[in-house]
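**Student:** Chain by chain, the residues run as shown.
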Amino acid sequence: MIKIISVHIEKFRGIKCLDFNFNKANFVVNGSNGSGKSGVIDALEFALTGDVSRLSGTGTAGISVGMHAAHVDFRDNKKKVKVSIKISNKNTGNVFTIERSVATCNNPKITPNNEESQSIISFLKEHPEFSLSRREILKFIVTEPSKRAKEVQALLKMDSIDKIRAVLKKLDNDTKNAVKEKESARETAKNNLLIHLGIQTININEILEKTNKCRHTLGLKKLIEINSNTEFDSGIKDLKENIKSQVQKEPLCKRINDLFKVLNMRNDELDTKTKKDNESLIAQTEAAEQEAYIEVIKAINSVSDRPEILKYINKQKLYEDGLALIIDDICPLCDTEFDLNKLKKHIQRKIDENKEAICLRDIINSGCCRIRTELSSLLREIGEIKRAAPFLGLQKENEDLIKLAERLQADSELTAKPFNNLGALLKIFKNPYERFNEDVIKILRLMLSEAQKIPDSSATEKARRFLTLLGERFAVYIKARLIEKTWVKRKSITSKLLSRYEQVTKEKLEKLYNDVEKDFSSFYSSINDEDEQDFRAKLIPSKGSLDLCVDFYGRGKFPPNAFHSEGHQDGMGLCLYLALAKRVMGANFTFCLLDDVLMSVDANHRRNFCKLLKEFFPSTQFLLTTHDKVWVKQLISEKIVGTKQVVTFRKWSVENGPSILCGQDIKSEIDNYLKDNNITEAAPTLRRYLEYILAELGIKLRAKVELTNSSSYDLGELLPAVISQYNSCLKKAKNAANHWGRKEMLQKVSSIANAFSEAYQKTQAEQWSLNPAIHFNAWENFEINDFIPIKEAFFNLLEQFKCPNCSGWIYVSPIKGKVESVRCDCGAFSLNVKS
Amino acid sequence: MNNSLLSQEIVNSFVDCIKDDKVIEDDAVLERFMQLFESGGIPSVDDIKNVIFNEEFN
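Taken in order, these protein sequences are the chains called A and B.
The first sequence begins at 686 in my numbering and counts up one residue at a time.
The second sequence begins at 16 in my numbering and counts up one residue at a time.
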């Protein structure tokens, strides 16, 4: 969709301030490890998406774009941390600028801000997969299938696919666990119900039978069916309102029977043993009572027959009270004075003069007290029995019992004042139970009969408890079953959600991977054309995992790291990435950031990789970083990039960021060292720069250097080779000019040769072998004033290898075979060396 | 991190599949379920439970 024209980076990551002009073409950032190359890739990714892959996603806990994208010295001044990128829409040719600050990374300034630019921004946000680092390649080639799927998805920023699957999987597992829990709860409820019922399995007929047995005991209606709404204890509440249930059977029966015993009744309902016990007890009681009562009856008769005794008994209390009340010698009534002792003796004599009357009185009072106690007991029993009568439906009998109680109460009151009515008192003592006539006995028998009809309370209570608990346990069981059913249904939904998602994902990814594996095989074959032309790969996605098998020289398919070398795995990683990117972005795969992705691929395969880029991705702008100079030269020689589309980062410092290898910059740097009188830094800097440039010139001019094992050449080897080669070219150019009779060219070549010779002499390099003191190895021992002319001489010498017009380095042409010319890119410098 | 188009395409197909297969029968619940995925975000387990079980699970 877009191509990148230029970028301006300010205080971002390890970069202080940098500008690059990509001109919509491929571009290479070269430099050693730690020189700041990846910062450029990060800046581009940030400008385009607002994100930096290495600061987000897997394995980046604790770091973030907001906190760590800024240059370390500008963490607290994020507004100044910005990247501005100029892009071109490949389809329309329209140019846009995106300026993004770390402070407001999600709100870039877009110029012009219109529908087209917004569409581009949206596309870039959705496709951050244009960026790839070697770290990412290794993660998805040399890994387990389950991790590979994640890494491939992360590579293509498809993490959310697996995240959603994980959410649905957890949802399904949660529901599955809930179903197990509910199953267990239902089983417990079922067991509790079965234990209560005393049966082995849920059987409706058995439950009905047990239920109805209890209901029968309680006199409740039978149940004819059982369903989830069944109330096993229905009607029990109504039972509480049954009047009979208000009467406790056993106490009532006992009370009436006890009364019968007291009344010396023979109860036909009593068993033989009880009858015998009763008879014995009654006989003893009667004998004692009759003896006691006979004495009382005699006393009553004596008092009744002798009125003076009754009169005396009535006065006796007065005497006794009066004696107690006389406390001084004046009458409290008439105020008459008397002799206190005389009076006391007089009253005492009155009290003592009829001891018989006192004895009779005491016998009668004692008997009354006893019989009153008995009457009170009878009254209490009759009261309790009478209370039950209405509940047994015996209203009339209740009224009779009330009357009986009133009579007994009157008798009791009479015994409290025995001398008021000795005739009535005598009747009571002669027959204390006179009130319990035949009618009363009938009533009591009837009540006993009715009471015995009341159901046994222990059985009813048991039945009541059984039905109540059955109702509770059945309700718990039904509820547990309903809950379980609900969760089983939920489980069905969550299982379907997961299976549908996996099915859709599998279908989509299978199609994607099927397309991808064809491209992948094709790309990989092309970079290994000499021995793996028939290479085939197979991507097999399955439930969150992704198996990758690759052909190994026709011996079968194996994991990529089983037999292939590290370099081959790197190549596979990049090919797989390109295949995925092509499928995901299609025609919009117009640019790509590759951060140090081919470090372990050898030179020969890299050359093929260049061909791959040219053949399969002619419309894609690749922005690459690498620390490998050979790889850069291959990219240039294969015309993936032009020489102007390569920058080399020489070194990096936290204060200044990366330093670009550029003659003017180096010269300034050396001058700064010299200003500080720092020859120990200035001398090696000049030497390293010369070695770098002369190596480049050696390639450009096809200079001959003796090969070494390390492929590392010093200034003493490079300078003579380059000088010799250029001199040779100039000599051939003179000969050619002579040969073709071109005087002007001859003069021009002579002039160049003279200037070159003079410049070379000033470097004193010719004398290195004669005078070790001026050898480049001794530069660090120079005085500053001696070093400065040498430095100036070498920079002047390097100028001789540049075109005066375009300032580009000169080179020989062609790059192989017999040299035909020395020229520059603009063509202003062009010497024919072919005679 | 944003979904790629592929992720979104999978989510769209998934939601269509749920709708077509009537995995969620209640239309209102289905509507709310689809809304969970509309924003392009990743719903939580509780979000989905709240919708499809029609209960609060937080």
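Simulated from the structure, these hints should not be mistaken for laboratory data.
The C-beta atom is built at its ideal place from N, Cα and C for all residues, glycine as well.
Where hints are given, some of them may not hold.
Claimed, not checked - Taking CB as the label site, the calculated pair distances span:
no.	chain 1	residue 1	chain 2	residue 2	range
1	B	ASP35	A	ASN776	32 to 40 Å
2	A	ASN798	B	ASP35	12 to 20 Å
3	A	ASP761	B	ASN69	42 to 50 Å
4	A	THR777	B	ASN69	30 to 38 Å
**Student:** Give a verdict on every hint.
**Tutor:** Hint by hint, here is what the structure shows:
For B/ASP35 paired with A/ASN776, a C-beta distance near 36 Å keeps the hint of 32 to 40 Å intact. Range check, A/ASN798 to B/ASP35: about 40 Å between beta-carbon atoms, so the 12 to 20 Å window is missed. A C-beta distance of roughly 49 Å is found between A/ASP761 and B/ASN69, which places it inside the suggested range of 42 to 50 Å. Under the hint 30 to 38 Å, the C-beta atoms of A/THR777 and B/ASN69, about 50 Å apart, miss the expected range.
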